[in-house]
Structures are given as C-alpha cells and as structure tokens.
Amino acid sequence: MIEDQENVLDNQLTELKFQRNILYVFGIIFMLALSLVYFIYKSFIIKKRANIKLKSYNDEILAQNEEITSQREEIRMAYNKLEQATTNLRNLSIVASNI
Numbered sequence: 002m003i004e005d006q007e008n009v010l011d012n013q014l015t016e017l018k019f020q021r022n023i024l025y026v027f028g029i030i031f032m033l034a035l036s037l038v039y040f041i042y043k044s045f046i047i048k049k050r051a052n053i054k055l056k057s058y059n060d061e062i063l064a065q066n067e068e069i070t071s072q073r074e075e076i077r078m079a080y081n082k083l084e085q086a087t088t089n090l091r092n093l094s095i096v097a098s099n100i
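Sequential numbering from 2 applies to the sequence shown in our numbering.
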C-alpha cells in the first residue's frame with residue numbers, strides 16, 4: 002500500500018517535472034517569438050524612417066532638376082537671342098560695307 006502510494010507519488014513528481022520542463026520550453030519559445038517580433042518591428046521603424054529620408058532627398062532632387070531645366074531653357078533662349086543679334090549685326094555690317 003505504501004509502495005503503491007510512493008509509486009503514484011513518483012509518477013506524479015515525474016509528470017510535474019515533465020510539465021514544468023514543457024512550460025520552460027514554451028516560455029523560451031514565447032520569449033524568442035517576442036524577441037523576433039520586436040526586431041521585426043524595429044526593422045520596420047528603421048525602414049520607415051529611411052524611406053521618409055529617401056522621399057525627402059528625392060523631392061529635393063526633383064526640385065533641383067526642375068530648377069536646372071528652367072535655367073537651361075533660359076540659357077537656351079538667351080543664346081538664341083544672342084545668336085540672332087549676332088546675325089543681325091553681321092547683316093548690318095555687310096550692308097554698311099556695301100554702301
């Protein structure tokens with residue numbers, strides 16, 4: 002009778018140790034999963050900040066590109082006017098030398 006109770010008690014202790022070990026394993030898995038979620042979230046935040054910076058840089062580059070395009074067009078128009086004035090001056094010079 003006492004031996005039976007000791008066997009039952011040993012079996013219960015063994016089962017409790019097994020259940021405790023299972024709880025430890027699940028606890029470790031939970032902590033690892035929580036750590037993984039944290040690092041994924043942190044990476045997401047870093048990526049989001051980087052994308053915001055890149056968008057800002059891209060907007061700045063686009064603005065500079067528009068400014069350069071505008072300046073190039075102004076220079077082209079000034080060049081065309083200068084070329085036209087030079088042509089007119091040559092024509093006047095030829096006419097004046099023929100008189």
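By construction, these hints were calculated from the structure, which means they are not laboratory data. Quantities reported herein were computed from a predicted structural model and do not represent experimental measurements. Wrong hints could be hidden among the right ones.
Each pair of labels, with its calculated beta carbon distance range [stated by the list, open to error]:
#1 Y58 <-> A97: 49 to 59 Å
#2 I76 <-> S36: 50 to 60 Å
#3 E67 <-> F27: 50 to 60 Å
#4 K43 <-> N8: 28 to 38 Å
#5 E68 <-> S36: 41 to 51 Å
#6 Q20 <-> Y58: 54 to 64 Å
#7 Y58 <-> R91: 44 to 54 Å
#8 N59 <-> N81: 46 to 56 Å
#9 I69 <-> I29: 22 to 32 Å
#10 L90 <-> R50: 24 to 34 Å
#11 S71 <-> S36: 51 to 61 Å
Ideal placement from N, C-alpha and C gives every residue a C-beta, glycine not left out.
Structure-based check of each hint:
A hinted range of 49 to 59 Å for the beta carbons of Y58 and A97 is consistent with their spacing of about 57 Å. One distance hint, 50 to 60 Å for the beta-carbon pair I76 and S36, holds here, with the actual separation near 59 Å. The supplied range of 50 to 60 Å is met by E67 and F27, whose beta-carbon atoms lie about 59 Å from each other. Hint check: K43 to N8, Cβ distance near 52 Å, so the stated range 28 to 38 Å is violated.
The hinted range of 41 to 51 Å is satisfied by E68 and S36, whose Cβ atoms lie roughly 48 Å apart. Hint check: Q20 to Y58, Cβ distance near 56 Å, so the stated range 54 to 64 Å holds. Restraint check, Y58 to R91: a C-beta distance of roughly 48 Å satisfies the suggested window 44 to 54 Å. Take N59 and N81: their Cβ atoms lie about 33 Å apart, and the range 46 to 56 Å is violated.
Remark: the range hint 22 to 32 Å for I69 to I29 is contradicted by a beta-carbon distance near 59 Å. L90 and R50 have their C-beta atoms about 59 Å apart, which leaves the hinted 24 to 34 Å range violated. A hinted range of 51 to 61 Å for the beta carbons of S71 and S36 is consistent with their spacing of about 53 Å.
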